[in-house]
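2 protein chains.
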Amino acid sequence: MCEKKEAPGKGAMFACGEQSMKFPTPVFIRSSAAVVGKKEGEGPLGGLFDLVGEDDLFGCNTWEEAESSLQRDALHLALKKAGMNSTDLRCLFAGDLLGQSIATSFGLAQYERPVMGLYGACSASGLALSLGAMAICGGFADCVGCVTSSHFASAEKEFRFPLGYGNQRPLSATWTVTASGAFILTGDPGKGARGIITGITPGKIVDFGLKDSMNMGACMAPAAADSIAAHLADFGRRPEDYDRIITGDLGKVGQRALLDLLLEKEIDISRQHMDCGIEIYDGEKQDTHAGGSGCGCSAAVLSAYVLKKVEEGSWRRILFVPTGALLSKTSFNEGKNVPGIAHCVVIEHVGGRQDAFH
Amino acid sequence: MCEKKEAPGKGAMFACGEQSMKFPTPVFIRSSAAVVGKKEGEGPLGGLFDLVGEDDLFGCNTWEEAESSLQRDALHLALKKAGMNSTDLRCLFAGDLLGQSIATSFGLAQYERPVMGLYGACSASGLALSLGAMAICGGFADCVGCVTSSHFASAEKEFRFPLGYGNQRPLSATWTVTASGAFILTGDPGKGARGIITGITPGKIVDFGLKDSMNMGACMAPAAADSIAAHLADFGRRPEDYDRIITGDLGKVGQRALLDLLLEKEIDISRQHMDCGIEIYDGEKQDTHAGGSGCGCSAAVLSAYVLKKVEEGSWRRILFVPTGALLSKTSFNEGKNVPGIAHCVVIEHVGGRQDAFH
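In order, the protein sequences belong to chains A and B. Note that our numbering has the first sequence beginning at 386, numbered continuously upward. Note that our numbering has the second sequence beginning at 386, numbered continuously upward.
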């Protein structure tokens, strides 16, 4: 459980338990925006997104350029909502799924702000919020932007087969979400904020020996279980202390594995658990099999749906746990396992029970 | 120029100028290690590295596994030198050049510590040190590890052609260094430290419209010039305030471009400039053309050579500026430019003139 050390300036006062950090001053999610593709716009959350594309090329020539434009538009909208300019951002924390993170490089260059490039597969939104919150809380920045994206077509090309092959997909496969979510973090609430980040539990790489890139949910569930269990132990909390525990993109197969793995540790999150990948599509009607995935999935659902609930106070405290599958086409073809990673971020209602500050 | 704000806890006290951060408490580089391949061991700095491989597979089955083993060994040696165990690390900041950063995922999993995955191309060592230093200085961690790697054979396969093709390379091309460098950062000097990180200037993505992946030096030089100029302005310093200004892997072509670009801004760093990529090989004898490159290049030269000079006090303050070229095989084949990024890290002699603290 967390213990604050006594002497300020000496040692890691804000380290918490084995692998967590607890923020002594509020980090506000000042604004956010989600831009999604056509299919996501047709899903159950369609009406909540800020911008829905008419087709998945968004007026660009390639899928990769389209993904870059998603990031650009999401950050633009988030800045606009906060009444800010790009010059207000000290830096950006950003990433995507593509090799060498090209969606980010070509999406954010025109903002002309320092870029901290991240790679955490589909967990990148949690990584970006974690590092962004550390920059704000540590006094290194007044304002930062956190941006992640994924795109169905660029991801299929990157990890599996070009779309033109028309290959079939097993029911355990997830559908990469075409979306980008952008978040503006500040140390000052301004005229209002969507939520407060009060702590994080960065995740370890967890390898259960699974190799099936068409069943990412199962590959990532052990990492989610590991991070959630570590988080609850570090903060001395129970699942009931959260209104929701929200994974990124485990889908239906991964959700079952997560609940089972945690039950083995005598942790029951069945009443709190929600998965962004399950929420974003109507699996039956939209033929998306196990659910949505991608680092745009968790970011877009966080911005459009989860933060709406937190902002209005329906949910007072949630644990956001985006999960990533650590593979590449090369590692897959060389017969390597698909390890997972999951980063936990605690988000609370502004003016809510932020006992992290007591 | 830097101004400290008055009220503690209010606002970004440690933000500095337009895009920099200045650390109010020391971040010690407690130990470091560099593991390199055979060719690097035969170069001018060969005798300084901690471990030199007998061949470039390091006993592994694939180039990618070999690169993972470099990271594993470098971190192991750095921990050993610091007299620490992996459990002392709150988290790792790490990255490499490969798609989806697989060298990192498979190299560091066994340490069972939280991993903040980074992508900054060949600038990743600067990014890892920057974010690691923020975690220490912000009070979020007592001790973190920063690890980056590159491997000639895995990088050629990733970015250009499989080695078996035996393709020719122009003289402007650089040779990707087979190496990993690992650094242990702490807030406590212990029995001694190799240097102190006193400030950072994270870099913007700079796109001069160049497209030649066989001339990375020219692609990255504008970013290095941009970050160095921003750094000097933010900190109110001149080149003479540094014993060396050390880029990562511009090579001979990029070095000339950097010096010229800075002269256009009336900044002359010709007396301070050094490039890790030029130092690591004997270009004439080793047929490495413009020099070495890769995020193992700057990390290994920093650990083996630069920190030796800083530790013994021959150099009292240096600016470490690793540079990255932001491309992938996909972006290159789609005709995109090759933008660059460069992250500046100020490293000072322990007990030296750390005026950052006054």
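Worth double-checking, as some hints may not be accurate.
To be verified - Some, not all, of what chain B presents toward chain A, calculated at C-beta under 10 Å:
1) Pro429
2) Leu493
3) Cys528
No lab work stands behind these hints, which were simulated from the structure alone. Note that beta-carbon positions come from the ideal geometry of N, C-alpha and C, so glycine has one too.
Outcome of the hint check:
| no. | hint | result |
| --- | --- | --- |
| 1 | Pro429 | violated, 30 Å |
| 2 | Leu493 | holds, 7 Å |
| 3 | Cys528 | holds, 8 Å |
Going down the numbered hints, you'll see the structure goes against just number 1.
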